[in-house]
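With these hints in hand, go ahead and build the complete structure from the sequences.
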Amino acid sequence: MPSAVLQRPPQTSTTRPGAPRRTRVLAQAEARWAAAATLAFLLALLLQLTGAPAWVWGPLYAVAYVTGGWEPGWSGLRALREKTLDVDLLMIVAALGAAAIGQVRDGALLIVIFAVSGALEALATARTQDSVRGLLDLAPSTATRLADDGSETTVATADLVVGDTVLVRPGERVGADGRVLDGISEIDQATITGEPLPVTKEPGDEVFAGTLNGTGALRVKVERDADASVLARIVAMVAEASETKAPTQLFIEKVEQRYSVGMVAVTLAVFAIPLVFGADPARSLLRAMTFMIVASPCAVVLATMPPLLSAIANAGRHGVLVKSAVVMERLGQVDTVALDKTGTLTAGTPQLTAIRPLSGSGATEETLLTRAAAAEHGGEHPLARAIVAAARARGLVLPAAGEFTASPGTGVRATVDGTRVAVGAPARLLPDGDPTAAEAGALVTELEEAGHTAVLVLCDGVPAGVLGLADQLRPDAAATVTGLRSLTGRTPTLVTGDNPRAAARLAAAVGITDVRAGLLPQDKVGAVREQEAAGHRVLVVGDGVNDAPALAAAHTGIAMGRAGSDLALETADAVIVRDELTAVPAVIALSRTARRLVVQNLVLASVFLSGLVLWDLIGDLPLPLGVLGHEGSTVVVGLNGLRLLREAAWRRAAQQAR
Numbered sequence: 003m004p005s006a007v008l009q010r011p012p013q014t015s016t017t018r019p020g021a022p023r024r025t026r027v028l029a030q031a032e033a034r035w036a037a038a039a040t041l042a043f044l045l046a047l048l049l050q051l052t053g054a055p056a057w058v059w060g061p062l063y064a065v066a067y068v069t070g071g072w073e074p075g076w077s078g079l080r081a082l083r084e085k086t087l088d089v090d091l092l093m094i095v096a097a098l099g100a101a102a103i104g105q106v107r108d109g110a111l112l113i114v115i116f117a118v119s120g121a122l123e124a125l126a127t128a129r130t131q132d133s134v135r136g137l138l139d140l141a142p143s144t145a146t147r148l149a150d151d152g153s154e155t156t157v158a159t160a161d162l163v164v165g166d167t168v169l170v171r172p173g174e175r176v177g178a179d180g181r182v183l184d185g186i187s188e189i190d191q192a193t194i195t196g197e198p199l200p201v202t203k204e205p206g207d208e209v210f211a212g213t214l215n216g217t218g219a220l221r222v223k224v225e226r227d228a229d230a231s232v233l234a235r236i237v238a239m240v241a242e243a244s245e246t247k248a249p250t251q252l253f254i255e256k257v258e259q260r261y262s263v264g265m266v267a268v269t270l271a272v273f274a275i276p277l278v279f280g281a282d283p284a285r286s287l288l289r290a291m292t293f294m295i296v297a298s299p300c301a302v303v304l305a306t307m308p309p310l311l312s313a314i315a316n317a318g319r320h321g322v323l324v325k326s327a328v329v330m331e332r333l334g335q336v337d338t339v340a341l342d343k344t345g346t347l348t349a350g351t352p353q354l355t356a357i358r359p360l361s362g363s364g365a366t367e368e369t370l371l372t373r374a375a376a377a378e379h380g381g382e383h384p385l386a387r388a389i390v391a392a393a394r395a396r397g398l399v400l401p402a403a404g405e406f407t408a409s410p411g412t413g414v415r416a417t418v419d420g421t422r423v424a425v426g427a428p429a430r431l432l433p434d435g436d437p438t439a440a441e442a443g444a445l446v447t448e449l450e451e452a453g454h455t456a457v458l459v460l461c462d463g464v465p466a467g468v469l470g471l472a473d474q475l476r477p478d479a480a481a482t483v484t485g486l487r488s489l490t491g492r493t494p495t496l497v498t499g500d501n502p503r504a505a506a507r508l509a510a511a512v513g514i515t516d517v518r519a520g521l522l523p524q525d526k527v528g529a530v531r532e533q534e535a536a537g538h539r540v541l542v543v544g545d546g547v548n549d550a551p552a553l554a555a556a557h558t559g560i561a562m563g564r565a566g567s568d569l570a571l572e573t574a575d576a577v578i579v580r581d582e583l584t585a586v587p588a589v590i591a592l593s594r595t596a597r598r599l600v601v602q603n604l605v606l607a608s609v610f611l612s613g614l615v616l617w618d619l620i621g622d623l624p625l626p627l628g629v630l631g632h633e634g635s636t637v638v639v640g641l642n643g644l645r646l647l648r649e650a651a652w653r654r655a656a657q658q659a660r
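With my numbering applied, the sequence shown corresponds to residues 3 to 660, in that order.
Take the hints with a grain of salt, since some may be wrong.
Straight-line Cα separation of at most 20 angstroms, SDA-like style, residue types lysine to any residue; simulated pairs [as the list claims (entries may be wrong)]: (1) Lys-325 / Gln-30; (2) Lys-85 / Lys-325; (3) Lys-325 / Glu-84; (4) Lys-223 / Pro-172; (5) Lys-223 / Lys-325; (6) Lys-85 / Lys-223; (7) Lys-85 / Leu-270.
DEER-style ranges, computed between Cβ atoms [to be verified]: (8) Ser-612 / Arg-285: 22 to 30 angstroms; (9) Leu-398 / Asp-150: 48 to 56 angstroms; (10) Ala-38 / Gly-380: 52 to 60 angstroms; (11) Ser-488 / Thr-417: 50 to 58 angstroms; (12) Gly-513 / Glu-451: 17 to 25 angstroms.
Keep in mind the hints are simulated off the structure, nothing from the lab.
All figures in this text were calculated on a predicted structure; none of them were measured in a lab.
Backbone N, C-alpha and C define an ideal beta-carbon position, used for all residues, glycine too.
This is how it looks when you write it as structure tokens:
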């Protein structure tokens with residue numbers, strides 16, 4: 003990845019923090035050339051098949067050659083000047099060779115395949131750079147620095163140094179990693195830790211750059227420079243993990259180089275050697291061009307692409323966006339899976355799960371929920387929205403509340419039907435010395451040990467009951483874990499930034515035994531690399547900004563699409579568009595089927611290619627028969643690969659993943 007993506011772009015008045023900066027498809031030159039080549043090829047093919055004269059469709063094929071082939075051809079010529087020969091240039095030469103002996107359509111198709119592949123690669127690179135730039139915008143460009151005398155100065159966050167004190171007002175994003183000196187507030191730090199709920203921050207607590215402050219004001223002492231913040235390290239880790247995939251590409255280039263050099267050398271030999279012994283030049287040229295056609299790896303290319311592209315199309319119809327054929331192939335290689343918790347195994351939003359009135363309060367479940375929801379109706383906290391939503395789902399009528407006040411880290415207070423109601427954190431609301439405090443405390447402990455977030459409700463200063471809220475497990479989570487275990491032979495690992503108690507409760511519900519909780523983004527990367535160091539190919543499934551480094555570091559990454567962050571969606575190799583978790587094991591099974599078809603096709607293509615090449619070198623292969631054998635093998639492997647377009651292929655994959 004170019005280093006430029008790690009630099010903050012200039013901010014303008016139209017830039018919204020965290021907004022995606024998506025490169026348009028046709029903004030890429032490669033995409034425009036590929037589109038032109040594809041359109042020209044399709045028009046020419048249509049005209050040719052309908053019997054139009056050659057002077058009508060011939061120029062259109064020429065347009066496909068030029069628009070789709072000039073860029074890889076020029077790139078190949080530049081590589082040739084550096085004494086390297088790649089397959090792109092070889093494809094151009096093979097296409098021109100096909101045209102020279104009348105096989106214009108075959109050559110144009112080869113050109114189009116390579117042009118489209120190059121365009122997709124360029125677009126994927128651009129979109130990843132866009133998302134990284136969007137992540138950098140999460141951190142504010144300015145902060146309010148406090149002097150020793152209490153005066154305030156607005157400075158660039160890049161100019162903050164360790165030891166500075168900054169003021170973070172309500173609704174602002176934290177400008178630097180640091181520790182709270184004064185104030186109480188709730189911080190939404192899902193971008194860093196993935197926690198579904200805002201976290202109360204008090205003096206002594208750590209805060210991170212880019213996280214969103216709630217309703218309280220905080221004075222924060224800076225503990226890390228801007229380029230060393232957790233957010234900046236996330237960006238760096240995404241770039242670093244992407245670079246670690248380069249050795250595979252280097253191996254592919256070595257194979258391309260050897261094949262290209264070998265094919266060119268043999269083609270020249272087939273033409274030149276007979277001339278030495280007095281053969282007819284025209285006959286030698288025909289034989290060399292026949293060799294060029296039969297040795298052209300069209301069948302090999304189609305042996306690989308149709309199964310993978312068909313699998314991609316089939317997966318897309320079922321809500322799984324696989325970004326490339328390479329990704330589809332890699333999905334079938336995974337043998338270990340790491341799952342995020344919030345937003346992946348769970349819905350990512352809290353819901354009311356328990357209503358516990360105190361025995362002596364006289365309140366029923368309905369009255370307790372009604373009063374709590376009425377008091378919380380004016381609140382903006384996610385827990386408040388969950389309580390109100392639960393009351394409405396039960397059809398409860400909420401009376402008007404007056405004298406509403408909200409205290410950061412404590413809760414809300416309001417008057418409901420003449421009763422003063424307080425709803426909030428038990429640790430702050432439990433009255434000292436009240437005889438009901440012990441019973442309320444026991445209920446709070448019971449709910450928290452079960453992995454719920456406990457909310458205390460007071461009526462006129464006396465505890466009336468406790469509400470339990472929790473992030474809800476997706477209904478297909480357990481089935482997904484079972485399917486992944488069946489496919490890989492290993493139970494998935496849970497990697498989450500949430501607290502260990504909540505993580506353990508969820509893991510037990512879905513059958514996961516390896517739980518790693520309280521992880522920051524770099525810890526998730528460490529967990530992935532630990533598995534890969536043990537020889538495993540790891541698939542990471544996540545949805546948040548905090549998952550992006552692990553998604554990039556893993557052998558393959560899948561992001562949840564509906565609530566996934568821009569960076570996670572762009573960094574991941576595949577996206578579950580409909581958030582159906584069972585699609586994860588299904589697409590792995592489909593990938594394995596595609597890889598089996600690739601192997602079948604490669605064997606078939608190799609047999610045809612080697613047989614025709616040997617025939618041409620040892621015997622006298624007629625050109626029409628050579629073209630028939632070459633085209634026949636191409637059609638056979640192509641049709642074999644297209645089998646995965648059928649609906650039955652996905653159904654079989656889903657059954658294998660159970």
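A quick look at each hint next to the structure:
1. Distance hint between Lys-325 and Gln-30 is fulfilled; the C-alpha atoms sit about 17 angstroms from each other, no more than 20 angstroms.
2. A C-alpha spacing of about 33 angstroms is found between Lys-85 and Lys-325, which places the hinted pair above 20 angstroms, so the restraint is violated.
3. For a cut-off of 20 angstroms, the pair hint linking Lys-325 to Glu-84 is broken: about 32 angstroms separates their Cα positions.
4. About 17 angstroms separates the Cα atoms of Lys-223 and Pro-172, which keeps this hinted pair within 20 angstroms; it holds.
5. Straight-line distance between C-alpha atoms of Lys-223 and Lys-325 comes to about 43 angstroms, which puts the hinted pair past the 20 angstroms bound.
6. With a CA separation close to 57 angstroms, the supplied pair Lys-85 and Lys-223 exceeds the 20 angstroms bound.
7. Taking the CA atoms of Lys-85 and Leu-270, the gap is about 17 angstroms. The hint holds against a cut of 20 angstroms.
8. Our hint of 22 to 30 angstroms for Ser-612 and Arg-285 holds, since their Cβ atoms are close to 24 angstroms apart.
9. Leu-398 and Asp-150 have their C-beta atoms about 53 angstroms apart, which keeps the hinted 48 to 56 angstroms range intact.
10. The hinted range of 52 to 60 angstroms is satisfied by Ala-38 and Gly-380, whose Cβ atoms lie roughly 58 angstroms apart.
11. The given range of 50 to 58 angstroms is respected by Ser-488 and Thr-417, whose C-beta atoms sit roughly 57 angstroms from each other.
12. At about 21 angstroms, the CB distance of Gly-513 to Glu-451 agrees with the hint of 17 to 25 angstroms.
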